[in-house]
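Asks: Place chain Z on chain S using the hints.
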Amino acid sequence: MNFTLHIWRQECANAKGHFETYKIENISPDCSFLEMLDILNEQLITGSTPHSSLLTPHSPISHPVCFDNDCREGICGMCGLYINGRPHGNDDGITTCQLHMRKFKDGDDIWIEPWRAKAFPVIRDLVVDRSAFDKIIQAGGYISTTTGGVPDANTIPISKHAADMAMDAASCIGCGACVAACKNASAMLFVGAKVSHLALLPQGKIEAADRVKKMVSKMDELGFGSCTNTYACEAECPKLIKRQNISMLNRQWISALLGRDKK
Amino acid sequence: MKLDSKIPAGPLAEKWTNYKASQKLVNPANKRKLDIIVVGTGLAGASAAASLGAMGFNVDIFCIQDSPRRAHSIAAQGGINAAKNYQNDGDSVERLFRDTIKGGDYRAREANVYRLAEVSGAIIDQCVAQGVPFARDYGGLLDNRSFGGAQVSRTFYAKGQTGQQLLLGAYGALSREIARGTVKLHTRSEMMDLVVVDGRARGIIVRNLVTGDLERYAAHAVVLATGGYGNLYYLSTNAMNSNGSAAWICHRRGAAFANPCYVQIHPTCIPVHGDYQSKLTLMSESLRNDGRIWVPKKKEDAEAIRAGKLKPTEIPEENRDYYLERRYPAFGNLVPRDVASRAAKERCDAGYGVGTGYAVYLDFADAIQRLGKDVVEQKYGNLFQMYQKITDENPYETPMMIYPAIHYTMGGLWVDYELQTTIPGLFAAGEANFSDHGANRLGASALMQGLADGYFVLPYTMQNYLADQIYVGKISATSPEFDAAEEAVRQRINRLLEIGCVETRHGTSLQTVDHFHKALGKIMWEYCGMARNTESLTKAKQLVKELEDEFWKSVFIPGSANEFNPELEKACRLEDYFELAQLVIDDAMHREESCGGHFRTEHQTEDGETLRDDEHFMYVAAWEYHGHGQPETMEKEPLVYEHIKIANRNYK
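If you read the protein sequences in the order shown, they are chains S and Z.
So for the first sequence, this note's numbering puts the first residue at 1; every next one is plus one.
So for the second sequence, this note's numbering puts the first residue at 1001; every next one is plus one.
Derived from the structure by calculation, the hints contain no laboratory data.
Every residue, glycine too, gets a C-beta built ideally from N, C-alpha and C.
Hints may contain errors.
Here are the simulated EDC-like cross-link-like pairs (lysine to aspartate or glutamate), alpha carbons at most 20 Å apart as the crow flies [claimed, not checked]:
1. Z:Lys1159 with S:Glu25
2. S:Lys160 with Z:Asp1125
3. Z:Lys1184 with S:Asp164
4. S:Lys205 with Z:Glu1615
5. Z:Lys1553 with S:Glu42
6. S:Lys105 with Z:Glu1615
7. Z:Lys1645 with Z:Glu1615
8. S:Lys160 with Z:Asp1143
9. S:Lys118 with S:Glu42
10. Z:Lys1159 with Z:Asp1125
Over the 10 Å line for every Cβ pair with chain Z, so calculated as not near, a few chain S residues [unchecked claim]:
11. His6
12. Lys16
13. Lys23
14. Asn90
15. Arg102
16. Asp108
17. Trp111
18. Asp220
19. Thr230
20. Arg251
Taking CB as the label site, the calculated pair distances span [to be verified]:
21. S:Ala235 with Z:Glu1397: 28 to 38 Å
22. S:Lys103 with Z:Asp1275: 14 to 24 Å
23. S:Phe19 with Z:Glu1215: 32 to 42 Å
24. S:Asp220 with Z:Leu1003: 51 to 61 Å
25. S:Gly148 with Z:Glu1397: 44 to 54 Å
26. S:His18 with Z:Asp1275: 27 to 37 Å
27. Z:Asp1137 with S:Lys205: 46 to 56 Å
28. S:Asp220 with Z:Lys1006: 51 to 61 Å
Here chain S stands alone, though its shape is the one from the complex (with noise of 0.2 Å):
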């Protein structure tokens, strides 16, 4: 198969980025889309591209392209593009490590940028800072425990239906693709599927009410922006992680307002 990429280019931080247009060839349909650029990228340092040319003749890039990827099976939540104005392109359910090139079509042109939020700055090329999230983690996303010293695991009974429900909003994986698919840049499905896994837990629920406050002032002050329930977030989660999660952070957090909760 065959493409003509458009790929945002950016030196760094503080540089201005500019798409940059590549030709590839011959690719195999079961190739994956991060292994299309490793391809890309290995024509590009040797110099020698039999299979694709700089289309753009000025440009003194020869330097790889970045993008970030680790695991490549779709769990560490390292890797994350926008692809064809979709994060993680065009299938649902997966991350960008696992979309197929048979997912295009011969000679589509495709276009590749990083997450845009003001809350992401690039660092370089497609490669950007979601230091954010770990940030909003420790304002608060955790049960405080120091280790030993707790009861044994079998002593609190959690019922099955809010352990399953704990479990499907802890799948998140932090890559932040709900933040880059919302208009505002919103973070409030992340912080959503973290408030409702921990207040789902009789463990949890002690910290409550301090938790979603200090987690939501955390986000507004990183500068995510406002949710206006598009759920543009939940159509782009790589898994699936549903809207409810952020009716449930914004009862936690009005009732943690009123002080229902506060001990």
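Replies: The following block gives chain Z in isolation, referenced to the frame of chain S:
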């Protein structure tokens, strides 16, 4: 080099209790004055840093990814073992201990494994307190399932994402300590050297992967929790950035490296399909509960399938060879990983492979007929979907194709009972050390070991080391040792960047780092993989040497040292892999027996099973580095089994 395993005296079951009762402690006011560096944020690193931080030590933690939550522990699917005996099926610390020793083919240290089994229950308690959403039954209590190598149900799980949930639990605990200020987090930071002052580990040199700056960090002790070196083989189930460099750097600085040839090959992975492939995806071991593994009985059928002229569903029952059920009637499709992997290779090498010739079928037709499609979907739906996304084939209608792949490394830095390496002050935890799995790791035991080391072993044993360090005062990062280490890293990076620079470019065709890494992986897989012998290992040694020479002539790393430069990161890691490869080969060559994942074709029974040589090889091989290109020397740590009765592993 002298190996002292420091195993406490007394009966096996009392060793850890006795150790804890007599170890030295650090008083709370003094903990604040002691600095600890933890490298790696997987299960072992995150749990160690969180625990040590909560105790009051000053911790600096480092990871190469953009967040601690990305570490490769996150990808573990199946579960975590613990001797809780919640199922009332006869489990106990003693039984988990025995299963682990036997699973490791009697090549692990008794005292360490017993301690692992002993603390396993507390891990589950800890995780539940952190909010890990383990699977539960309708009464609200924790559910269990079975895994290979055990006759009880002791595996706790969170869907097919147990590693993810355990890591997020540890990441939560770590985040709390970061917020409290006891732990400082350094992301996108790669350890480039270990600084040893007066024989003790006193700090590290780190490359900031965003700016390229070299940074110094000094501490009273260093914990290495950087995982295994499976990516030496290029194609593996490991993440792309998982690497063996941090451990190898410590080895270069004097830490002994133990049993490097013990590499685990997982039998059920999606087969290789093209040269551009970067990664092999694991299909959980749990699939072997209901899937049946087979190849065609007739060679001409296999050939027709490979040519695309015949479909697997068209082959009648009597022309299928369910080779695991045929060879191992007692365990059938549930034999341990090393046995299943070798059997698949044997059939494919004999010409019965399907797909590209290097694949066998994992068939669910029987299970679907017996249980119904709905039940199969409930049990394995997410795995079937993953398979379909990758291969574009529907496993409900046609059998899956699978083949073994590199998965885990049992070998690693040699550590004593305290998890301290041969460099005082340098500790190694999780997959980075060698200690608990012998020659083969059982399923659901890696998560257990990582968390045991981090939550319940290091917080004790490190205090024992740090107790007298309160007299040393703050460690300075401006000493000549730090200067020299930083300069050495700078020179090393420059040497790599110079290889393909413009002056030397003329006349040589340049290659990428990945080109060499793939070539190295192929050599290791072909000649030092599932089956090894003197001839193949000799050949591997020579080919690796030739490839390394070629690397130093024609690798091209674009860009500079002072920028975000993933190619440079890969080049540094590959340089270390070349040395590590030689040691893996040497270790495989010297171990003239077959045990667990290490299969020497010269040492097998008449029907192709592993043949151990307990008389000559019941020891840990700990290797010492003597400079690039110099042969390493080996010290033996004899394995003394006082408690357990040695037997043959028999799965027939």
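Asks: Run every hint past the structure and note whether it holds.
Replies: Status of each hint after checking the structure:
With a C-alpha separation of about 40 Å, the suggested pair Lys1159 of chain Z and Glu25 of chain S falls outside the 20 Å cut-off, and the hint is violated. Between the alpha carbons of Lys160 of chain S and Asp1125 of chain Z the distance comes to roughly 18 Å, so the proposed pair stays at or under 20 Å and holds. With a C-alpha separation of about 34 Å, the suggested pair Lys1184 of chain Z and Asp164 of chain S falls outside the 20 Å cut-off, and the hint is violated. Note on Lys205 of chain S and Glu1615 of chain Z: the hinted pairing is violated, with a Cα-Cα distance of about 58 Å set against a maximum of 20 Å.
Between Lys1553 of chain Z and Glu42 of chain S the alpha-carbon distance is near 18 Å, which keeps this suggested pair within the 20 Å criterion. Among the hinted pairs, Lys105 of chain S with Glu1615 of chain Z is inconsistent with the structure: their alpha-carbon atoms are about 63 Å apart, more than 20 Å. With a C-alpha separation of about 15 Å, the suggested pair Lys1645 of chain Z and Glu1615 of chain Z falls inside the 20 Å cut-off, and the hint holds. Between Lys160 of chain S and Asp1143 of chain Z, the direct Cα distance comes to roughly 10 Å. Compliance with the 20 Å bound is thereby established for this hinted pair.
Among the hinted pairs, Lys118 of chain S with Glu42 of chain S is inconsistent with the structure: their alpha-carbon atoms are about 32 Å apart, more than 20 Å. For a cut-off of 20 Å, the pair hint linking Lys1159 of chain Z to Asp1125 of chain Z stands: about 18 Å separates their Cα positions. At roughly 21 Å, the least C-beta separation between His6 of chain S and chain Z is larger than 10 Å, which holds for a residue marked as non-interface. Once the 10 Å rule is applied to beta carbons, Lys16 of chain S is consistent with being away from chain Z; the minimum gap is 17 Å.
Taking the minimum C-beta to C-beta distance to chain Z, about 17 Å, the non-interface status of Lys23 of chain S holds against the 10 Å cut. A cut-off of 10 Å between C-beta atoms confirms that Asn90 of chain S is not in contact with chain Z; the least separation is 13 Å. Some Cβ of chain Z comes within 10 Å of the Cβ of Arg102 of chain S; the nearest lies about 6 Å off, and the non-interface call is violated. With a least beta-carbon separation of about 18 Å from chain Z, Asp108 of chain S lies farther than 10 Å from that chain, consistent with its non-interface assignment.
Against chain Z, the non-interface label of Trp111 of chain S holds: every CB pair exceeds 10 Å, the least being about 22 Å. At roughly 17 Å, the least C-beta separation between Asp220 of chain S and chain Z is larger than 10 Å, which holds for a residue marked as non-interface. Once the 10 Å rule is applied to beta carbons, Thr230 of chain S is consistent with being away from chain Z; the minimum gap is 27 Å. Non-interface call for Arg251 of chain S relative to chain Z: holds, since the shortest CB-CB distance, roughly 19 Å, exceeds 10 Å.
About 29 Å separates the C-beta atoms of Ala235 of chain S and Glu1397 of chain Z, a value consistent with the hinted range of 28 to 38 Å. Separation of Lys103 of chain S from Asp1275 of chain Z is about 21 Å and conforms to the stated range, judged on CB atoms against 14 to 24 Å. Between Phe19 of chain S and Glu1215 of chain Z the beta carbon distance is about 34 Å. The supplied range of 32 to 42 Å therefore holds. A C-beta distance of roughly 56 Å is found between Asp220 of chain S and Leu1003 of chain Z, which places it inside the suggested range of 51 to 61 Å.
Checking the proposed 44 to 54 Å range against Gly148 of chain S and Glu1397 of chain Z shows it holds: the Cβ atoms sit about 51 Å from each other. Take His18 of chain S and Asp1275 of chain Z: their Cβ atoms lie about 32 Å apart, and the range 27 to 37 Å holds. Between Asp1137 of chain Z and Lys205 of chain S the C-beta distance comes to about 22 Å, which lies outside the given range of 46 to 56 Å. At about 52 Å, the CB distance of Asp220 of chain S to Lys1006 of chain Z agrees with the hint of 51 to 61 Å.
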